[in-house]
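Engineer: Residue numbers (our numbering), protein chains in the order written: chain A, 3 to 466; chain B, 483 to 892.
Incorrect hints may have been included.
Unchecked claim - With a straight-line Cα cutoff of 16 Å, these simulated EDC-like cross-link-like pairs (lysine to aspartate or glutamate) come out:
hint : chain 1 : residue 1 : chain 2 : residue 2
1    : B       : 617       : A       : 430
2    : B       : 779       : B       : 797
3    : B       : 647       : A       : 430
4    : B       : 799       : B       : 755
5    : B       : 506       : B       : 545
6    : B       : 486       : B       : 563
None of these hints come from the bench; they were simulated from the model.
Read off the chains here:
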Amino acid sequence: MSQTFDVIILGGGPAGYVCAIRSAQLGLKTAVVERDKLGGVCVNVGCIPSKALLHSAYVANLVRHDAKTLGVTTGDVTFDFGAAIKHSRQVSDQNSKGVGFLMKKHGVTVIAGTGSLGKGKTVTVDGKTYTATKAVVIATGTRVKGLPAIGLELNTTTVISTDDALFLPKVPASVAIVGAGAVGCEFADIFNAFGSSVTLVEVLPQILPLEDHEAAAALTKSFKKRKIAIMTGATISGAKVGDAKVTLDVEASGSRQTVAADVVLMAAGRALNIEGIGFDTAGVQLADTGFVKVDASLRTTADGVYAIGDIAGPPMLAHKGSREGVFVAEAIAGKKPHPIRYDNIPSVTYCHPEVASIGLTEAQCKEQKLDFVVGRFPFSANGRARAAMETDGFVKILRGSRYGEILGAHIVASHASEMIHELTVARENEYTVEEIDLAVHAHPTLSEAIAEAALDSLGRVMHT
Amino acid sequence: MATKVLMEALSPTMEEGKVLSWLKREGDAVSSGEVLAEVETDKAVMELQARGSGVLRKIVAGDGATVEVGSLVGIIADPDEDIERLLESAGTAPPAPQPAAEPDAGAPPTTPTPVPQHTAPATSPTGPPSGGRIKASPLARRLAEERGLELSAVSGSGPGGRIIKRDVERAPTPPASMPAVASSEYDDVELSQIRKTIAKRLVQSLGPIPHFFLTTEVDMERAVDARAHLNGLDDGPRISFNDIILKAVAAALAQHRECNAWWLDGKIRYFNEVHLSMAVAVTDGLITPVIRNAHAKSLRQIAAESRELAERARDRKLTPEEYTGGTFSVSNLGMFDIDQFTGVINPPEAGLIAVGSIAEKPVVVDGAMSVRRRMRLTMSCDHRVIDGATGARFLQTVRRMLENPLAIVW
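All chains should be modelled from the sequences, with the hints used to inform the complete structure.
Structural biologist: What follows is the structure in structure tokens.
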């Protein structure tokens with residue numbers, strides 16, 4: 003095997019492998035170093051298997067709640083969490099193999115093992131040194147972490163991470179989920195659907211703390227209907243971890259409570275994979291935020307070394323990492339890549355209903371003292387949503403008063419993840435709400451609610 | 483079946499039109515193809531035809547109203563048909579030259595500020611205006627409009643050079659217009675459509691086009707003689723000096739294709755045929771009718787055609803095809819005793835020859851002073867297309883042809 007490449011990428015997750023494909027497309031001789039499975043967290047213990055489980059959860063809820071009304075009567079329904087896990091593993095394995103196939107197809111060399119940075123754009127894997135003539139790209143990502151300070155150290159049985167949750171043989175009778183961001187809410191949905199008694203504990207004042215308050219409120223309402231307990235503004239002051247039981251001391255809104263559960267799922271925060279991979283040798287420094295220090299072109303403090311994906315800073319999202327991979331590959335190849343609009347990266351939570359958004363929340367618009375108008379449309383007024391009995395949620399568009407530009411958009415809907423991109427494209431291209439309305443929307447679709455919300459912001463809503 | 487009468491794009495560059503006068507009144511029966519009204523476009527007075535038959539039920543834009551292309555100006559329908567909904571759904575329908583108020587009365591309280599004016603160009607039934615399309619985001623267009631910025635003066639930094647919000651925000655804002663003050667010292671005159679177009683086109687020209695100028699003095703003795711002879715031959719069209727110059731320029735361009743070109747975004751288009759634009763002064767401006775395939779036409783044909791085009795230009799009867807598509811321009815102010823002048827290039831053309839008057843001057847010929855009839859030609863060149871020596875060689879050919887008229891037919 004040759005010891006020299008144009009580009010060597012550390013990490014084969016969605017940032018690294020996409021960077022590799024784009025580099026290869028641009029004629030660069032490329033290698034990816036991966037210590038585990040190709041596809042990284044996303045494909046193996048993140049986005050992909052959790053979506054499989056969420057679909058199982060969706061079907062479970064459909065059969066349990068709506069099937070009869072829809073004209074499908076079933077006999078005794080049993081829920082087999084083990085089977086759902088098995089399906090999710092198959093999907094993950096297929097996808098990981100798919101990434102391997104893509105590497106082969108694009109002529110990218112995959113080096114198995116843990117890479118470590120050396121001086122002058124070199125990478126050592128298992129004692130063998132490889133040299134990059136053009137650039138080294140760090141895309142090592144993040145991993146789950148516990149909260150040892152309050153006694154919640156990960157132990158794989160009672161205090162577990164999402165990595166463990168994705169391999170549970172059966173569903174625990176009760177689960178406390180620490181952290182109600184996207185991951186916490188998705189697992190709350192999954193465990194609830196399979197019969198667990200679920201408590202969501204969030205330190206900030208709302209679940210999905212980064213989303214618009216109305217979106218969080220809509221999801222809260224929907225979760226409470228399904229008997230998911232929610233504690234917000236809640237600080238965990240202590241934890242007692244027993245053999246089969248964990249007890250959390252929680253302070254919420256001035257009162258102390260005890261939450262007992264068979265299993266505690268840690269869904270708050272992730273640790274960066276930056277230890278022992280030669281940052282000091284190579285001269286890669288960290289920023290005050292704890293992430294790798296990069297400039298606007300994602301260059302680290304070491305010459306010819308780039309950082310992309312989770313380690314380069316928030317938001318920690320697969321699609322953000324992938325785009326950074328493309329950007330860096332093009333920069334290395336001497337092209338002028340289109341700058342990444344970090345404020346227009348869609349954020350999606352895939353529980354039921356889904357929550358998807360771009361841009362600013364209403365609170366942020368107010369904070370920035372923007373002159374804005376809100377347009378809303380509820381799915382209770384949408385024919386397609388009613389037909390599917392999925393009327394929870396709404397579309398909310400925040401537009402500038404003067405020009406009608408889209409400042410932010412928030413969707414809570416059964417298929418919000420698929421719908422947000424209309425607004426992403428519009429905002430990326432600086433369309434205003436009028437262009438949204440002018441594009442004819444098919445009837446009946448959930449997407450009509452987007453056009454209606456745009457009209458509502460213009461004072462011309464039709465169907466409410 | 484009701485038919486909306488819309489302001490149509492009656493010329494390729496037309497963005498708005500002024501209804502000069504309706505030839506039909508409300509209640510008149512009309513049939514498809516009949517002329518409904520006269521419309522002043524940016525270049526000429528054109529006829530607006532009915533696209534459907536019935537009764538002209540409603541005139542929305544009355545005489546004197548200026549409306550955007552694609553706007554509703556009237557409705558043709560059956561005598562008893564309900565047209566209220568059509569009128570409502572038509573949205574903005576400015577009845578007078580003042581900006582129209584948003585028709586959505588009683589906007590709900592969720593709309594604290596006036597709704598942005600509906601300026602969507604997508605309603606134009608004739609598609610986007612051809613030629614010179616500027617790529618800009620809708621938001622950038624709105625910002626530019628409000629700031630009074632010409633998008634053509636803004637350089638785009640988006641994908642493919644698209645103008646985005648950032649570019650408009652960074653562009654220098656033009657000085658605020660003078661406040662309107664009633665005064666007897668001057669008269670404020672509304673811009674006519676043609677004046678607006680001239681302004682826009684010339685700003686487009688001198689702004690982004692790197693002009694340079696070449697002047698040469700031509701001995702016209704032989705051309706004057708030749709013209710006298712030709713006009714004495716028979717009763718064909720009288721040949722003017724300008725016709726001879728047009729003929730010489732056309733013949734020279736056929737030899738110098740490098741000057742017979744358009745500057746287009748990202749490319750230069752060289753033409754194998756010469757379509758000569760000739761500037762004609764009209765009442766409140768100028769227009770450049772085009773003599774097509776001028777290189778292949780005889781002096782007589784050019785004389786007949788230029789006269790006919792000039793007449794119809796002065797009567798504002800030219801069709802859009804007759805004043806677009808030129809590859810090079812000739813502008814003559816000799817009849818006003820102008821010795822020489824520099825003309826402004828008519829984009830996307832890359833060159834123009836400005837013709838001065840023919841005057842008797844003392845010159846040295848073969849070592850002796852003599853009085854000769856001389857004329858100055860000044861060529862304006864778009865330096866992106868034509869370099870100094872390129873233009874000079876072409877101008878030399880023109881001069882030689884005029885000094886030896888036989889060379890034109892070589």
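Engineer: Each of the hints needs a verdict: does it hold here or not?
Structural biologist: Hints and how they fare:
1. Note on residue 617 of chain B and residue 430 of chain A: the hinted pairing holds, with a Cα-Cα distance of about 15 Å set against a maximum of 16 Å.
2. The suggested pairing of residue 779 of chain B with residue 797 of chain B is violated, with an alpha-carbon distance near 25 Å, which exceeds 16 Å.
3. Note on residue 647 of chain B and residue 430 of chain A: the hinted pairing holds, with a Cα-Cα distance of about 11 Å set against a maximum of 16 Å.
4. Proximity of residue 799 of chain B to residue 755 of chain B is assessed by CA-CA distance (about 25 Å); at most 16 Å being required, the pair is judged violated.
5. For the suggested pair residue 506 of chain B and residue 545 of chain B, the alpha carbons sit about 11 Å apart, so the restraint of at most 16 Å is met.
6. About 13 Å separates the Cα atoms of residue 486 of chain B and residue 563 of chain B, which keeps this hinted pair within 16 Å; it holds.
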